[in-house]
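As you go down the protein sequences, you meet chains R and Z in turn. Using our numbering, read the first sequence as starting at 1 and increasing by one per residue. Using our numbering, read the second sequence as starting at 1 and increasing by one per residue.
Be a bit skeptical, because a hint or two may be false.
Claimed, not checked - Quick look at which bits of chain R chain Z covers, simulated, 3 or more residues with Cβ under 8 Å:
| # | segment |
| --- | --- |
| 1 | 80-90 |
| 2 | 293-302 |
| 3 | 310-320 |
As the list claims (entries may be wrong) - To be clear about the criterion: a stretch of chain Z counts as covered by chain R if any three or more of its residues have a C-beta under 8 Å from a C-beta of chain R, and this derived list gives those stretches:
| # | segment |
| --- | --- |
| 4 | 65-77 |
| 5 | 80-91 |
| 6 | 94-104 |
To be verified - From chain Z, some residues computed to sit far from chain R (all C-beta separations above 10 Å):
| # | residue |
| --- | --- |
| 7 | G29 |
| 8 | P31 |
| 9 | V53 |
| 10 | R57 |
Rather than coming from a laboratory, the hints here were simulated on the basis of the structure. The C-beta atom is built at its ideal place from N, Cα and C for all residues, glycine as well.
Chain by chain, the residues:
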Amino acid sequence: MEQPTTVTADESALVAAFEARIAAGESIEPKDWMPERYRRQLIRMMSQHAHSEIVGMLPEGNWITRAPSLRRKMSLIAKVQDEAGHGLYIYCGTETLGVDRHELVAQLLDGRAKYSSIFNYPTLSWADMGVIGWFVDGAAIVNQTILAKASYGPYARAMVRICKEENFHKRQGYEICATLANGTPAQREMLQEAVNRFWWPSLMMFGPSDTDSPNSAELLKWRVKRKTNDELRQRFINLTVPQAAAIGVTLPDPDLRFNAETNNWEFGEIDWAEFFQVIGGNGPCNKERIAARQKAHDDGAWVREAATAHAGKQRRDVQAA
Amino acid sequence: MATDATAANGIDTDGQWGLWEVFTQAGKGAPHEHAGSVHATDAEHAMQNARDVYARRGEAVSLWVVPAEAIIASAPSDAGPFFDPGNDKAYRHPQFYKVPRGVRVF
Numbered sequence: 001m002e003q004p005t006t007v008t009a010d011e012s013a014l015v016a017a018f019e020a021r022i023a024a025g026e027s028i029e030p031k032d033w034m035p036e037r038y039r040r041q042l043i044r045m046m047s048q049h050a051h052s053e054i055v056g057m058l059p060e061g062n063w064i065t066r067a068p069s070l071r072r073k074m075s076l077i078a079k080v081q082d083e084a085g086h087g088l089y090i091y092c093g094t095e096t097l098g099v100d101r102h103e104l105v106a107q108l109l110d111g112r113a114k115y116s117s118i119f120n121y122p123t124l125s126w127a128d129m130g131v132i133g134w135f136v137d138g139a140a141i142v143n144q145t146i147l148a149k150a151s152y153g154p155y156a157r158a159m160v161r162i163c164k165e166e167n168f169h170k171r172q173g174y175e176i177c178a179t180l181a182n183g184t185p186a187q188r189e190m191l192q193e194a195v196n197r198f199w200w201p202s203l204m205m206f207g208p209s210d211t212d213s214p215n216s217a218e219l220l221k222w223r224v225k226r227k228t229n230d231e232l233r234q235r236f237i238n239l240t241v242p243q244a245a246a247i248g249v250t251l252p253d254p255d256l257r258f259n260a261e262t263n264n265w266e267f268g269e270i271d272w273a274e275f276f277q278v279i280g281g282n283g284p285c286n287k288e289r290i291a292a293r294q295k296a297h298d299d300g301a302w303v304r305e306a307a308t309a310h311a312g313k314q315r316r317d318v319q320a321a
Numbered sequence: 001m002a003t004d005a006t007a008a009n010g011i012d013t014d015g016q017w018g019l020w021e022v023f024t025q026a027g028k029g030a031p032h033e034h035a036g037s038v039h040a041t042d043a044e045h046a047m048q049n050a051r052d053v054y055a056r057r058g059e060a061v062s063l064w065v066v067p068a069e070a071i072i073a074s075a076p077s078d079a080g081p082f083f084d085p086g087n088d089k090a091y092r093h094p095q096f097y098k099v100p101r102g103v104r105v106f
């Protein structure tokens, strides 16, 4: 990285100028001076986000061969391909901070990097494809709509692109749910069972309560985040409760009730012990997910080698001519 | 950042393909705008990857891919003095000129 030689001598003035730019709503671009801590926080957050997109392909890829119709299968393939694209957008943004994608992928495969806890839950029935689109992509939209205003330009621009595509994901998921809700008693039961399994893990996607989130204050100050985890979670719940009512499914929380004063749906206690277990590597599918990703990486080795060999041959042919 | 080694053999020392910046044109007559980047071994490969990553929904009618190391960018630290010649000439803007009272703005 090229940095002016005055950085160490006059770091505090640079930090003050940097924070003034953020306070004025300016976006920070890759070659701008930024505190090392800002760079590191962004690399951590953006790479976790990219990894989540890539690992997120696995629970859904699991159902492509068993989709109940050609229409559903086409949608699911397109959605899984989008997730790959989203991972690439964000890896590309992360690389502007001076870290190679190669290194980020290595961190994912050897277990150093984290990704969203939700993808460590199994997808046991077709209804899970609907509920994941509705809840998980719905939660991601709530989160990413705000991240689209993040202070780091490449991250914000990737989010704008992703949000447009996630709307298709959420609608295709909700359509699956609505169809099952109008189906046979067995289909309705399958849907309700999937909702019961995914509701609480979806709420955990927003991360720990802000009082327990070690990174929140700094990220908010630097406008990497614009809303707290709790605010985003509340917004997701407020949006989802009427959607559940519209298709006649019950959200598995006896404490869920509307507060007319705050206009919020109040909800019960989240099992944070479960969240920390899953984040810590002990969720139902952590090992399976990384094993599947490692296998895909290994199985793709010959493609990477062939592409490199082909490019080398083309170059030699040009030189020989 | 890609290095000269990347340009020479399409792959850098730790086994990663070279970096290419991608520009998309949203419609005929529109400018090409930076969309992001891809890794690829050569131009044809970069073009295919760029299509798959940045044009899955008809977002582009044209794509440019450029080796990242071929782009020369102005440095943020020089931005002040470098762009000064454009900032201190108010007479380049229409607001610099007075229009007689009563003449409708044209």
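Next item on the list: Enumerate the violated hints, using their earlier numbering and listing them in ascending order.
Entry: Violated: hints 2, 5, 6, 9, 10.
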